[in-house]
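Q: Chains as they are written, first to last, in our numbering: chain A, 179 to 319; chain B, 179 to 319; chain C, 179 to 319.
Just to be clear, a hint being listed does not mean it is correct.
The list cannot tell twin chains apart, which means a pair is met if one copy fits it or any two copies do.
Unchecked claim - Straight-line Cα separation of at most 30 Å, BS3-like style, residue types lysine-lysine; simulated pairs:
#: 1; residue 1: K290; residue 2: K214
#: 2; residue 1: K199; residue 2: K214
#: 3; residue 1: K199; residue 2: K290
Since the hints were derived computationally from the structure, they do not count as laboratory data.
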Amino acid sequence: MTFDNPVFVTYVIAATLMILKSMGQVGGGFLNPEDKSAGWANPNPRPGQLDPDDYVERSRRMHHNDTENIPVFLVAGLLFVLTQPPLLVAQVLLYGFVATRLAHFWAYFTAKPHEVRATFFSIGSLIVIGMAVYTFMYAIL
Amino acid sequence: MTFDNPVFVTYVIAATLMILKSMGQVGGGFLNPEDKSAGWANPNPRPGQLDPDDYVERSRRMHHNDTENIPVFLVAGLLFVLTQPPLLVAQVLLYGFVATRLAHFWAYFTAKPHEVRATFFSIGSLIVIGMAVYTFMYAIL
Amino acid sequence: MTFDNPVFVTYVIAATLMILKSMGQVGGGFLNPEDKSAGWANPNPRPGQLDPDDYVERSRRMHHNDTENIPVFLVAGLLFVLTQPPLLVAQVLLYGFVATRLAHFWAYFTAKPHEVRATFFSIGSLIVIGMAVYTFMYAIL
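Working from the sequences, and respecting the hints, build out all of it.
A: Spelled out as structure tokens, the structure:
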């Protein structure tokens with residue numbers, strides 16, 4: 179876990195990109211009664227602003243999906259790199275996960291058919307499962 | 179944090195099991211307008227498929243509960259093992275948490291009375307709180 | 179990552195406080211059909227108990243907000259301290275995040291105008307983003 183270990187550097191690059199992706203996804207919106215009052219965050223309140231909004235609800239579901247997957251990936255990836263895997267394997271899995279999440283974002287944001295989104299989601303999930311199973315086996319053997 | 183340290187190995191086993199549990203819990207389902215079109219992930223679309231479904235909603239609440247607890251456990255456990263606790267203590271707490279989550283899953287899935295689920299949930303939460311308090315005290319003393 | 183490194187100790191203090199904050203936030207409530215039966219967790223069931231309740235829904239939104247932010251902070255902070263930043267910088271950022279979350283809790287709990295809550299939330303998010311960008315740059319350079 180030092181920055182002169184290229185496997186660890188691979189992890190740090192993938193992890194920080196996923197952290198930034200997660201922070202950048204709008205998950206909030208106007209949810210609470212007090213959010214209806216005017217202010218810099220809501221200069222023009224209007225009736226119905228607390229109602230679900232297609233765009234905001236979609237972004238919220240995307241953020242929710244990030245919340246379910248990215249923290250688990252961050253820990254699974256960290257434990258996986260502690261098993262000292264070959265650099266190429268680490269790069270394929272860790273950067274592969276980042277790529278599937280970006281592709282999932284694109285498929286979700288542009289409302290592509292469910293299959294497209296599900297394919298990227300499944301590949302990302304299989305990467306996390308694969309790293310966790312490998313690390314578990316490494317630990318018990 | 180090396181694999182010849184039995185306390186760290188205990189953590190890795192508990193952590194990877196919890197990661198796999200979290201990945202295995204279905205959290206998704208059909209949520210978006212585009213999910214109504216036919217494809218391999220939804221071969222027979224039908225009206226009302228986006229409506230809440232008892233089984234899917236239950237699984238989603240269970241996944242949500244995992245999302246709230248497992249990432250926090252993963253970090254709390256990692257910091258706890260860095261305090262170099264006795265092996266037996268680490269095994270009781272870390273495997274104990276895994277056991278309470280599996281029991282919570284069983285109680286939730288079979289819709290056992292709220293008390294059963296709440297008991298397992300509370301024991302798991304107390305383990306995380308205990309590890310965090312101990313680690314906090316260890317850090318400031 | 180040892181307890182004689184004051185930067186790491188700063189991280190452990192901030193991380194365990196955030197773990198305890200996250201565990202202390204009630205996120206549950208009565209959600210499932212089986213939760214209507216009487217027992218120690220619900221001594222006096224009444225009709226409508228599964229309906230959304232203003233207080234519980236607010237707490238649930240607050241917990242949800244924790245779930246979205248705290249795990250990502252825990253990993254971002256850990257990777258940041260591995261870059262060996264100056265102690266003062268680590269203290270300002272890590273304790274600063276803790277302070278913004280506590281202030282966010284207060285603003286949310288007392289239903290302060292959206293701007294107050296959004297300000298604390300934004301400062302906390304900027305701290306995580308700043309740590310992640312710095313760690314990313316440190317890794318690739």
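Q: Confirm or reject each hint.
A: Hints, verified against the model:
1. K290 with K214: between (33 Å within a copy, 11 Å between copies)
2. K199 with K214: For K199 and K214, both the intra-copy (28 Å) and inter-copy (28 Å) Cα distances are at most 30 Å.
3. K199 with K290: both (20 Å within a copy, 29 Å between copies)
Consistency note: the structure conflicts with none of the earlier hints.
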